[in-house]
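Going down the list, the protein sequences come from chains A and B.
If you count by the numbering used here, then the first sequence holds residues 1 to 159, one letter each, in order.
If you count by the numbering used here, then the second sequence holds residues 1 to 159, one letter each, in order.
No wet-lab data here; the hints were simulated from the structure.
No experiment lies behind these values; they were computed from the predicted model shown.
Derived coverage of chain A by chain B (criterion: at least 3 residues anywhere in the stretch with Cβ under 8 angstroms from a Cβ of chain B; other residues may be distant):
no.	region
1	49–60
2	65–78
3	92–102
Here are the simulated DSS-like cross-link-like pairs (lysine-lysine), alpha carbons at most 27 angstroms apart as the crow flies:
no.	chain 1	residue 1	chain 2	residue 2
4	B	K62	A	K62
5	A	K94	B	K71
6	B	K71	A	K71
7	A	K81	B	K62
8	A	K25	A	K74
9	A	K62	B	K95
10	A	K94	A	K62
11	B	K74	B	K25
Every residue gets a Cβ at the ideal spot worked out from N, C-alpha and C, and that includes glycine.
Protein chains: 2
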Amino acid sequence: MREAEIKALLVDPVNNAPVILLKDKHSTKAMPIWIGETEAMSIALELQNQYFPRPLSHDLMKGIINHLGGKVEKVAITALKEGTYYATIFLREKKGEIIELDARPSDSLALALRMGSPIYIADEVFDSSAIESPFAEEDAFQDFVEYNMDLSEFKKILK
Amino acid sequence: MREAEIKALLVDPVNNAPVILLKDKHSTKAMPIWIGETEAMSIALELQNQYFPRPLSHDLMKGIINHLGGKVEKVAITALKEGTYYATIFLREKKGEIIELDARPSDSLALALRMGSPIYIADEVFDSSAIESPFAEEDAFQDFVEYNMDLSEFKKILK
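Kindly generate the complete structure, drawing on both the sequences and the hints.
See the structure below:
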């Protein structure tokens with residue numbers, strides 16, 4: 001497992017789909033993950049400290065966890081199967097027991113950001129799909145960049 | 001407060017936006033609410049007992065509540081302000097205390113369906129925006145009907 005951070009939200013020019021760039025904290029490599037538009041907006045708003053006038057699904061999720069005395073210990077991207085990334089949310093309940101919940105990466109990341117939880121990627125997943133990060137030098141989060149990274153090349157790796 | 005049920009998912013022909021039709025259980029009247037596409041899909045799948053290959057946000061929310069020993073007592077559409085509906089989720093925690101969480105109607109309904117919780121509408125909200133239900137006679141849920149209901153007339157009421 002290696003710790004990661006959300007480095008950028010890109011737009012795949014081929015289909016206008018949002019892509020999240022998850023960068024290894026201790027190298028210059030990153031891994032792109034395609035996500036839905038609603039989830040991308042939820043992640044972008046939180047990263048920019050902006051708020052939607054009404055609670056989004058992940059804001060509600062945060063409220064539920066806090067009110068029920070839970071805590072998100074960490075989230076992890078754990079597997080890549082047939083082009084789909086799998087994630088796990090490690091939820092600590094009041095008595096200290098940790099429950100592992102199967103989740104999509106987008107929900108896991110949107111929730112981790114709101115709960116201040118670290119993000120991890122399993123080594124075998126990262127090794128199989130990481131690329132040199134286009135924003136390795138930048139400190140700040142890059143939001144919705146129209147970046148002409150070779151995403152089509154990357155898609156071939158996934159298949 | 002009156003108990004309601006999700007009667008149909010319509011498509012507003014003007015902007016292709018999904019509209020949920022919330023019917024009073026004890027009359028032939030219903031209230032349309034415009035919601036996002038992601039939330040509409042989440043509601044439609046649950047109503048049709050179909051499942052997305054990966055957990056959607058509301059499936060994850062259900063898992064979180066169950067694992068933390070919570071229960072959704074009910075959800076309610078509580079207010080209508082400047083064309084926006086407000087909802088409240090009544091969450092019971094382990095010790096029995098009930099917490100009221102501010103939420104969007106779409107999240108509340110998607111969650112209520114998954115938790116088997118009743119749906120209510122505040123009388124003043126229902127009275128101000130209910131119309132005669134186009135599907136009052138039908139028993140089954142109507143999914144994504146292209147119905148030429150006069151939604152533009154309804155929008156005027158909201159304004």
